[in-house]
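Asker: The primary structure of each chain is shown beneath.
There are 4 protein chains.
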Amino acid sequence: VIVSLSPDARPSTCVALLAAAAAAGLESRPLPDGRGGDVLGVNSALPTNALQRPGVAAVQTTHKPYRLASREHRAPSVVRVGEVRIGAGRPVLMAGPCVVEERESLIEAARAVKSAGANMLRGGAYKPRTSPYAFRGLGEVGLGHLAAAREATGLPVVTEVLGPEQVDLVAAYADMFPIGARNMANFPLLRRVGKTDRPLLVKRGFSVTVDERLMSAEYVLASGNPNVVLCERGIRSFDATTRFTLDLSAVPLAKELTRLPVIEDPSPGTGKRSLVTRMALAGLGAGADGLIVEVHPTLTGPSATPARPSRRRNWRRSTAAGGPFTPR
Amino acid sequence: VIVSLSPDARPSTCVALLAAAAAAGLESRPLPDGRGGDVLGVNSALPTNALQRPGVAAVQTTHKPYRLASREHRAPSVVRVGEVRIGAGRPVLMAGPCVVEERESLIEAARAVKSAGANMLRGGAYKPRTSPYAFRGLGEVGLGHLAAAREATGLPVVTEVLGPEQVDLVAAYADMFPIGARNMANFPLLRRVGKTDRPLLVKRGFSVTVDERLMSAEYVLASGNPNVVLCERGIRSFDATTRFTLDLSAVPLAKELTRLPVIEDPSPGTGKRSLVTRMALAGLGAGADGLIVEVHPTLTGPSATPARPSRRRNWRRSTAAGGPFTPR
Amino acid sequence: VIVSLSPDARPSTCVALLAAAAAAGLESRPLPDGRGGDVLGVNSALPTNALQRPGVAAVQTTHKPYRLASREHRAPSVVRVGEVRIGAGRPVLMAGPCVVEERESLIEAARAVKSAGANMLRGGAYKPRTSPYAFRGLGEVGLGHLAAAREATGLPVVTEVLGPEQVDLVAAYADMFPIGARNMANFPLLRRVGKTDRPLLVKRGFSVTVDERLMSAEYVLASGNPNVVLCERGIRSFDATTRFTLDLSAVPLAKELTRLPVIEDPSPGTGKRSLVTRMALAGLGAGADGLIVEVHPTLTGPSATPARPSRRRNWRRSTAAGGPFTPR
Amino acid sequence: VIVSLSPDARPSTCVALLAAAAAAGLESRPLPDGRGGDVLGVNSALPTNALQRPGVAAVQTTHKPYRLASREHRAPSVVRVGEVRIGAGRPVLMAGPCVVEERESLIEAARAVKSAGANMLRGGAYKPRTSPYAFRGLGEVGLGHLAAAREATGLPVVTEVLGPEQVDLVAAYADMFPIGARNMANFPLLRRVGKTDRPLLVKRGFSVTVDERLMSAEYVLASGNPNVVLCERGIRSFDATTRFTLDLSAVPLAKELTRLPVIEDPSPGTGKRSLVTRMALAGLGAGADGLIVEVHPTLTGPSATPARPSRRRNWRRSTAAGGPFTPR
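Chains as they are written, first to last, in my numbering: chain A, 1 to 328; chain B, 329 to 656; chain C, 657 to 984; chain D, 985 to 1312.
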């Protein structure tokens, strides 16, 4: 917020504003306005009208409402997750099952995606479910399986956190938190993960505009955590032929507007296995800094003996649970 | 969930299923299937595949995924908030400011809406805000103002709760909780308010289908709280001429599909004061059990002396903060 | 278009502009601008830059792009179809089958809707069909059936015209043309019906904004036909639970922005018979000047002898072909 | 339509069905059904119920409603426009201005896009305009400019036709017709261009599903013209940050479902010049058979002498008229 003082403002006005900001725990500082006037910058969560008083000529918000995410005057950021660098030019690949099930099959999946070139392992221990009667994941047991798979492969682990009360527990296991599409406006959660140092993958909500999504990232940044990666995963449109509509134009647009890396999640966006490879290539063409994809073991041979080398061929991209699925 | 046993299932299969259900804390009971077979009903939060074992022919979910909200075999429910009965035939009117500001003006607003026929007072003490820099409400101070306005007028108070960690505090002041559009998929919150006995107003998310919304209500019902009222408040469409698109067809549809009362919130749905009265009438035509509207004092006269009787005429419907506004 | 002349413009500039407008077949006239300047109003289909020349200070379009539809400075219009007056305060009811099939059943339908209070008969002889293999209506034979039903009942006939080449033929039978949702941007058709004196029902396209729809009406008005009635019939949203999403807020909004009557078509908007009555009431609550509804004979009794008086009870509201249908 | 005869159907039933089809001007033929039954295939525009009679067991439509567009049992098609082959493996580039203005600048644009690698020239002589007061293109004069540019460069010309009454005129100049997004459901136009041998570019309407769009292509194919290319150009979603939302998943999906080539039009889909290159690469990643892009001369140097070699650098991708535009 920029507070412009009127030419006849008394010094006490400025002092009172600084005191009001300090009392609210906010940072503020006097700024020259280039025209000889006095201006006060307040990094403000005060209601704008709390700053209006005699001697104040105007209270303005800065151009971009997402001040910290904005590319204005700042270099693009690179987010590190262990030795992985997201936004450093080389696309990053995160892969793994939608839901963590058994420990052995998860470790096998982790080895398979690593040998296929993945840099990070994804998998859900806590799943948001539309139905209160659906399986909601293995919880802490699943987190333990993920840690075991990390130990076996060295891949950092990406696993979702659903609420502020889970953050400490999940942080004990996860290297990176995805904030799911349904939680983009869960502001207590955004503020809570913003207090950690864990890198975050901020997915776009089903019906959230480009600007609103940047404001969700801004919540995290404003809480002190600079390690934010955006993730495009599909929005809702009138056409349900694909599970969601992948809005890939939002990838180059986010890179133009912000300094944050952007990755693409083609699995929910298409909901159809046969489209995933093409849309992953499309995302890289659009300039994405990486991909996060779902894989699932499909045992197609007559024998299901685990871990035979030939089985690895059978790891295939699957799609989000519940979406349409075209077996080959 | 309906578990169909195969004709050659052993009695021990049935016993094991009943034990599995009991171990998971679930209610289950044998059902005749009308064709001489044995069927087991489980009110299940078990993953469906946990019920598949030798002797089980099929595991099916019942028709409506929203079992408890469904109108099948059940009478429409009436939700009581103090002496107010929602769904009892006579439309209920909830009114008040979007955000609670000062105590005196809130009490004045409460008196004005009561004299205009309102049955309940609405007002936000905690506001979800797209920007981390925006005013987020007065918090507990605002809750205190609401309690004072209730004391002054006798109107029960409706005020939003944003996260599970706030439920105990807000419950100490509020008579009814709205669950906001952004929190419809905040499942930890839905389960937490489901453990209270406080009536709930479950708003519809911006891009949530009719069925998904009913599943959010089902989360609350399945957690033990039967006092759910649905609220239609506008969805996002391609046309932003009005702030949201009021999907009024969802009102008679919800009344056809469920036993829950449904009210309408025309303020965010239109975002334009001049349309609110017409759309409130439209909602009643569509069969809504009540309305929740925003009001704000507009001082139009030459004098702004508070609490003059003639000022009450000046209380007018306003629209949600940030929406377009046509002053008369 | 308002052309502002600069203070140093020569008289020849004004003459040249008037000549350019006349050469393009346009009406223009000098206007005083209230500030002593010279201003020229051109009812222009010229490209704006064709008016920019030395001595011209500015070329501005007027506030509302829909000049003739706008309510600015003009009274609401009343559209007459025979003795029926649309927009005169009393809601008008148009009813009939979606598609004209047999002559006798159409006449029976016309009698049934008349006895139920309808003022006009609707029915399709030419149907727009998504599939090239679908039945596209009886064509001129169907028009003849409609004329016979009008003769039998006195009800004016509303029937769709699909292209400019059909206008003369359909005009020989129809009292009012609906321009269907798929033809809102069929500008050759809009201009062609604008050259007739037949009243028009301009439906809103599936994904057409409020403003774009008013521009479609403006095409007709600018072509010389003032008898335009708007019709709200549902837009596409992400939620396909109902066949379309009825955007009823657009009804009072159109009445605020324009001088045109607005009616509602609840049948495609809901696609579900059980919702039609409620949504018709909602439309009237929203301020609609009338309704257009689909009816279809449902023979529920053991006998299908035509025209038994008791059968009239069986004429019921149906929904558009292909929509979901809940039989009672 | 597949008509299955019941085992006890009399030969006269089959004869009557063949006669009914012939009377309606339809092609039909007996088909073996593989199970020893008698089946009749009718390429039918008859209402399905017109085929139901004694002896008919079932009337079924074939799996895909888009029979001719479907990939079932058929190889992908290659569409030729002069020497250009669309769908033959090498991406095709169509480029040119949105609207044809002056002859010289159009020829210059054609030379510039040819030297930049384009295979075809696009440009609009008839423009669909939301406003009746907007410039609607130069009409036949513009068609003449396009022909001159073709003569100067050898590039085939792609130019839109707006209605069935324009087809003969435009066909005298154009090598390929785009059917615009607003005309996808202009069935008289689709049938009329289906009677020509001119290749067609069928764009997707703003709110048209993947299946509906294929049915529009089917209209053309069923009218006898096999030379159909699909074009993805953006749909409407709730987010207007970009002008339309490019639904690139529809590209690989259309190639999976149909035998038709698919190209991408990134200009209206983004509405922002800085995003066009990235989204063109994304489209090729998604598997598009080509691109159609808008270019416009931006005269940045002090001199505007035409056709200086150095000016060619200044030809840049622009976006659709009316969209946002970011000058460099």
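Wrong hints could be hidden among the right ones.
Estimated spans, in silico, between C-beta atoms of each pair [to be verified]:
#1 Arg746(C) to Val406(B): 54 to 64 Å
#2 Pro882(C) to Ala403(B): 12 to 22 Å
#3 Ser1089(D) to Gly82(A): 30 to 40 Å
#4 Ser1099(D) to Ala148(A): 18 to 28 Å
#5 Ala16(A) to Pro732(C): 47 to 57 Å
#6 Ala1059(D) to Ala827(C): 39 to 49 Å
#7 Glu165(A) to Gly467(B): 36 to 46 Å
Once the Cα atoms are required to be at most 30 Å apart in a straight line, the calculated DSSO-like pairs of lysine-lysine come out as [said to hold, decoys possible]:
#8 Lys770(C) to Lys783(C)
#9 Lys127(A) to Lys195(A)
#10 Lys523(B) to Lys127(A)
#11 Lys851(C) to Lys1098(D)
#12 Lys442(B) to Lys455(B)
#13 Lys1179(D) to Lys783(C)
#14 Lys455(B) to Lys523(B)
#15 Lys127(A) to Lys455(B)
#16 Lys783(C) to Lys851(C)
#17 Lys195(A) to Lys523(B)
#18 Lys783(C) to Lys1098(D)
#19 Lys114(A) to Lys127(A)
#20 Lys455(B) to Lys195(A)
#21 Lys770(C) to Lys1179(D)
Simulated from the structure, these hints should not be mistaken for lab results. In this text the structure is predicted, and so the values were computed from the model without any measurement. For every residue, glycine included, the Cβ atom is placed at its ideal position computed from N, Cα and C.
Asker: Which hint numbers doesn't this structure obey?
Answerer: Per hint list: 1, 2, 3, 4, 7, 11, 18, 21 violated.
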